[in-house]
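Trainee: Sequence:
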Amino acid sequence: MSMPTIEWDLALIQKYNASGPRYTSYPTALEFNQNYNEACFQQAAQRYPERPLSLYIHIPFCHRLCYFCGCNKIVTRQQHKADQYLDVLEQEIRARAPLFSGRTVGQMHWGGGTPTFLDKQQITRLNNVLRASFNFSADAEQSIEVDPREIELDVLDHLCAAGFNRLSMGVQDFNKQVQEKVNRVQDEAFIFSLMQRARERGFTSTNIDLIYGLPSQTPESFAFTLERVVELNPDRLSVFNYAHLPALFAAQRKIKQQDLPDARQKLEILQQTIHTLTGAGYQFIGMDHFARPGDELAIAQRAGKLHRNFQGYTTQGDSDLLGMGVSAISMIGDSYAQNQKVMKDYTDSVTRQGHALWRGLTLSADDCLRREVIKTLICHFALDFRQIEQAWNIDFAHYFAQDLALLQPLISDGLVERHQKGLQVTAKGRLLIRNICMCFDSYLRQKAHMQQFSRVI
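Using full-length UniProt numbering, count along the sequence shown one by one with no gaps and you end on 457.
No lab work stands behind these hints: they were computed from the structure. Certain hints may be false.
[As the list claims (entries may be wrong)] Calculated pairs, DSS-like style, for lysine-lysine (alpha carbon to alpha carbon, straight line, at most 27 Å):
1. K176 x K305
2. K120 x K341
3. K176 x K256
4. K428 x K81
5. K421 x K375
6. K120 x K81
7. K375 x K15
8. K375 x K305
9. K375 x K254
10. K256 x K120
11. K254 x K81
12. K421 x K81
13. K341 x K421
14. K120 x K305
15. K254 x K176
16. K15 x K428
17. K120 x K254
Hey, can you work out the whole structure from these sequences and the hints?
Mentor: Set out below in structure tokens:
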């Protein structure tokens, strides 16, 4: 499957730049409820017993507060708090593992927070517990997020010895003024040293996170960041749109509204980002992700085998995802489950009953069907009606009559083409894929949800 180029149409981007979900799940987490209980979770775990398993481990601690952050985190310099957390997390791991004793783990990711808040001994402790509790494949992907401000080079050696083979580094911006405005000042030379060390130690994939829309950013300042990133030459790039939601995230109240780039500047930054990265040889995977053509995400997309889950784009499409740790989300069977988000509630729950299930959702047949449609569009920018009809025993045009009617204005504007066999997203529509997917989202017809999502661009 060849991937079309992106066509930048400013008028259409401005017209459709409304709030909308990122669709790391469908339905989104806004639909989770507390009627979902442990019996639901255990039933879901038994639904597809042969499926491979992916693990997500949430480490909530950070040494310092980044003002832009909307993640679930605890800012502290007290290392013993991590030991206390691992005591509880270990209980959860040992309680959950028997439900998946017949499964093989093909992928594991440690996120946060800052997973490398853990020292070497704590990393070894957690990794050993996981390895003893689950059956890992010999070629399992093992990835971790690192903060280049709070890590020594030899920690990469330790991670490599522990089996980690993928690295994601939060850089966000190389401009010092921007870094100061968001309380994330970092050493540029050390970031280059980290990347070099990762390659020397055999990490098979490296990812850099950037954010556009931060205070004091300009197209000119971000051009410098892009220049440095291209020189770093990571395998993958995630370029996120900063969503300023101070009512939801207290840390963002430290950012002054007047310091933020306006809508025109943000679009200019995004346009130059796409131009620079694709010009440097990166493939636009979708939404905010880029990859080298030889990266497995790019290869999977060209082959029509790319998938998406709570961790973003992935090649592990047929896996269940088990999340452990405070606030972690699981995607098991045809259901979603989320742990308690507050540390005390998480600790009390695990101590009392071995798990920290807070809320979730069992998907209906309609949810599963719409999830498949949305995931296919987001990953491949095309939809084959016949494949959906055969897999779900429906007549697509009849079942999705209301959705196709909602899609018609986007067809008229040239974002997507409808033909007898299916849908094809155009070069103009690729940047607005979230808008296209929103037409198939039955929950969005309850408009009250819209204000809780970031803008699509």
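Trainee: Would you mind marking each hint as holding or not holding in the structure?
Mentor: Hint check:
no.: 1; hint: K176 x K305; result: violated, 40 Å
no.: 2; hint: K120 x K341; result: holds, 26 Å
no.: 3; hint: K176 x K256; result: holds, 17 Å
no.: 4; hint: K428 x K81; result: violated, 49 Å
no.: 5; hint: K421 x K375; result: holds, 18 Å
no.: 6; hint: K120 x K81; result: holds, 15 Å
no.: 7; hint: K375 x K15; result: holds, 24 Å
no.: 8; hint: K375 x K305; result: holds, 11 Å
no.: 9; hint: K375 x K254; result: violated, 36 Å
no.: 10; hint: K256 x K120; result: violated, 38 Å
no.: 11; hint: K254 x K81; result: holds, 26 Å
no.: 12; hint: K421 x K81; result: violated, 57 Å
no.: 13; hint: K341 x K421; result: violated, 44 Å
no.: 14; hint: K120 x K305; result: violated, 36 Å
no.: 15; hint: K254 x K176; result: holds, 17 Å
no.: 16; hint: K15 x K428; result: holds, 13 Å
no.: 17; hint: K120 x K254; result: violated, 33 Å
Hint violations for this structure: numbers 1, 4, 9, 10, 12, 13, 14 and 17, all remaining hints satisfied.
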